[in-house]
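J.: The listed protein sequences correspond, in order, to chains A and B.
Residue numbering for the first sequence follows my numbering, starting at 1 and increasing by one per position.
Residue numbering for the second sequence follows my numbering, starting at 1 and increasing by one per position.
Treat the hints as calculated values from the structure; they're not laboratory data.
Be aware that one or more of the hints could be misleading.
Cross-link-like lysine-lysine pairs, in silico, PhoX-like; alpha carbons within 25 Å at most [to be verified]:
#1 A:Lys141 to B:Lys21
#2 A:Lys233 to A:Lys141
#3 B:Lys278 to B:Lys292
#4 A:Lys141 to A:Lys201
#5 A:Lys60 to B:Lys98
#6 B:Lys239 to B:Lys98
#7 B:Lys239 to B:Lys213
#8 B:Lys98 to A:Lys141
#9 B:Lys114 to B:Lys283
Computed footprint of chain A on chain B, listed as stretches where at least three residues anywhere in the stretch have a Cβ under 8 Å from a Cβ of chain A [claimed, not checked]:
#10 47-54
#11 59-71
#12 82-96
Here the structure is a predicted model, which means the values were calculated and not measured.
C-beta: ideal position from N, C-alpha, C; glycine also.
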Amino acid sequence: MAEVSEKYRKLDEIANRTRINVVKMIAKSGTGHAGGSASIAEILAVLYFHEMRIDPKNPKWEDRDRFVLSKGHGCPALYSIFSEVGYISKDLLPTLHNIDSPLQMHPEYGLCPGIEMSTGALGQGLSAGIGMALGARARGKDFRVYVTIGCGESNEGQVWEAAMCASKYELDNLVAIIDYNKFALCGRTADVMPLEPLYDKWVAFGWHVIEVNGHSVAQLINAFEEAKTIKGKPTFIIAHTVKGRGISYIEDTWRSHSVTISPENVKRTLGELGCSKQEIDDTLEQMKEAH
Amino acid sequence: MSERIAPREVLGATLIELAEKDPNIMVLDADFCPASMITNFRDRFPERFVQVGIAEQNMMGIAAGLSTVGFTCFASTICAFCSRRACDQVTTSIALPKMNVKILGLYAGLFVGKNGASHQSLEDIAIMRAIAGMVVIQPADALEMKQMIRFAAEYNGPMYIRIGRDPVPQFVPDDYQFQLGKAIVLREGTDVTLVTYGDPIEDTLKAADALAKKKIEARVINMSSIKPIDEEILVKAAKETGAIVTVDNHNIYGGLGSAVTEVVSEKMPVRVKRVGIKDVFGKSGTDEQMKKEFGLRPEDIEKEVVDFLKG
Numbered sequence: 001m002a003e004v005s006e007k008y009r010k011l012d013e014i015a016n017r018t019r020i021n022v023v024k025m026i027a028k029s030g031t032g033h034a035g036g037s038a039s040i041a042e043i044l045a046v047l048y049f050h051e052m053r054i055d056p057k058n059p060k061w062e063d064r065d066r067f068v069l070s071k072g073h074g075c076p077a078l079y080s081i082f083s084e085v086g087y088i089s090k091d092l093l094p095t096l097h098n099i100d101s102p103l104q105m106h107p108e109y110g111l112c113p114g115i116e117m118s119t120g121a122l123g124q125g126l127s128a129g130i131g132m133a134l135g136a137r138a139r140g141k142d143f144r145v146y147v148t149i150g151c152g153e154s155n156e157g158q159v160w161e162a163a164m165c166a167s168k169y170e171l172d173n174l175v176a177i178i179d180y181n182k183f184a185l186c187g188r189t190a191d192v193m194p195l196e197p198l199y200d201k202w203v204a205f206g207w208h209v210i211e212v213n214g215h216s217v218a219q220l221i222n223a224f225e226e227a228k229t230i231k232g233k234p235t236f237i238i239a240h241t242v243k244g245r246g247i248s249y250i251e252d253t254w255r256s257h258s259v260t261i262s263p264e265n266v267k268r269t270l271g272e273l274g275c276s277k278q279e280i281d282d283t284l285e286q287m288k289e290a291h
Numbered sequence: 001m002s003e004r005i006a007p008r009e010v011l012g013a014t015l016i017e018l019a020e021k022d023p024n025i026m027v028l029d030a031d032f033c034p035a036s037m038i039t040n041f042r043d044r045f046p047e048r049f050v051q052v053g054i055a056e057q058n059m060m061g062i063a064a065g066l067s068t069v070g071f072t073c074f075a076s077t078i079c080a081f082c083s084r085r086a087c088d089q090v091t092t093s094i095a096l097p098k099m100n101v102k103i104l105g106l107y108a109g110l111f112v113g114k115n116g117a118s119h120q121s122l123e124d125i126a127i128m129r130a131i132a133g134m135v136v137i138q139p140a141d142a143l144e145m146k147q148m149i150r151f152a153a154e155y156n157g158p159m160y161i162r163i164g165r166d167p168v169p170q171f172v173p174d175d176y177q178f179q180l181g182k183a184i185v186l187r188e189g190t191d192v193t194l195v196t197y198g199d200p201i202e203d204t205l206k207a208a209d210a211l212a213k214k215k216i217e218a219r220v221i222n223m224s225s226i227k228p229i230d231e232e233i234l235v236k237a238a239k240e241t242g243a244i245v246t247v248d249n250h251n252i253y254g255g256l257g258s259a260v261t262e263v264v265s266e267k268m269p270v271r272v273k274r275v276g277i278k279d280v281f282g283k284s285g286t287d288e289q290m291k292k293e294f295g296l297r298p299e300d301i302e303k304e305v306v307d308f309l310k311g
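Modelling step: build the complete structure from the supplied sequences, incorporating the hints.
T.: Encoded structure:
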């Protein structure tokens, strides 16, 4: 039991570190997608530090599990995770969005180690995940494929083309996770384009559907475990999340989508996330230099 | 005249030939395989054939995903839909990450049976040519089709192969070898150069014969490699013939005419006349009706050349 809670504690810590890095990177860049990065912190932490079979020393290992961040704008969180995994150096994080940085505003395949697909134009990642899952089958490989999609992204028709297709091909090596933070760019998904009844829709498309609190590492772990027991159909995990989670001044608002973080809000947010005074001061100094 | 064969008639057999040697060949289809004439591939290699249904966007993404696992993907559907419908997927999921995906576009240009404007592709060359790093090629005939497919299997990167619907004679010599970025002269001439590709080749050659009767010797070039284009052959033609007429089965905006004009205006400025579809949509009809309507009969091409040379 102690071992289990220690694992959860570690994963929570990685998620928290992800949020800290997201705030620091975006503060320095001067702009970035904070809300949708903060909402996927636990999903990524559990995938990369518990669930997925990866080799930190070899991001191209052919038997690795694949992850596609279809909602590509959440990649500051993914870059932070990569730096924790060891795919990229921590020194790269402050280069976010720089013209010559591998850490572009939307992930680019071939540019940043660990990125499995170029995304950013929404709605496309699940199709790529299907290709990878079909590829695994054709090669007789047992790697699994994980795709995180957004809720605003789910307005795209291609998502539903992919939903039909994964089900047709009975891809039980494919897991899609929706970061269901209930916001699109300009408002609540319920107003912009309602997705409900989301659970019923994915069931109707032939998927095994699991609903969890997307900020609970324990629930996420269990969901991924359950997905592995499902045969003959893909699994869809509805991860209920909060947009901008942990960045209290914009938490659960559409405004958190793309932000410029002021020095005052950097101070406040990093403080709330448990950073030391030194770390906060260093961040403020970096911001000054950058702007 | 050689036997008339539609380039697509050899598509399935060529893919089968490649797949028998290379386990990485994978073919995708968006519910068009009888028209693409690749049902023989589907039946021979069902485990390497992905049928996505009428979902071109999804098909492009799946091809990209398969490419990351080391497959050489041929994603096949009608030109109009792989360019217009799936343009963003081709751009973001395939071209940007430089995936090893070959897009097979069938029913190039006006000639789509009687399917009409919605199915005609008068924009696809412009769209594909504007996507960074995308190769754009169209075979003249069945022999060049086979060679292009074999070349595509060896080439690592995104490619758009535009394929005509109708049977045509063989235009390239028996010992022809397709080379990316290399065109060939189908007919020698020194008074004007006619540059074309695919379906309009036959009528362009007929126009050249008619022009010869008027003492105008037209050189005819098969520009099967539209991007990268053969700059050398164009510069030489500009120097030696002093005037160029392009014949496009595409809108005159953004098609071969634009590509040729870009080259000669930079490297060897001469006058260029763009024959093609003049910024209008197509219609239902037979090929002959279509050619008459849009000015692609031999006599139309001949007249355009004569008028152009009068200045």
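J.: Each hint: holds or not?
T.: Hints and how they fare:
no.	hint	verdict
1	A:Lys141 to B:Lys21	holds (21 Å)
2	A:Lys233 to A:Lys141	holds (17 Å)
3	B:Lys278 to B:Lys292	holds (13 Å)
4	A:Lys141 to A:Lys201	violated (30 Å)
5	A:Lys60 to B:Lys98	holds (16 Å)
6	B:Lys239 to B:Lys98	violated (36 Å)
7	B:Lys239 to B:Lys213	holds (24 Å)
8	B:Lys98 to A:Lys141	holds (24 Å)
9	B:Lys114 to B:Lys283	holds (8 Å)
10	47-54	holds (count 5)
11	59-71	holds (count 13)
12	82-96	holds (count 6)
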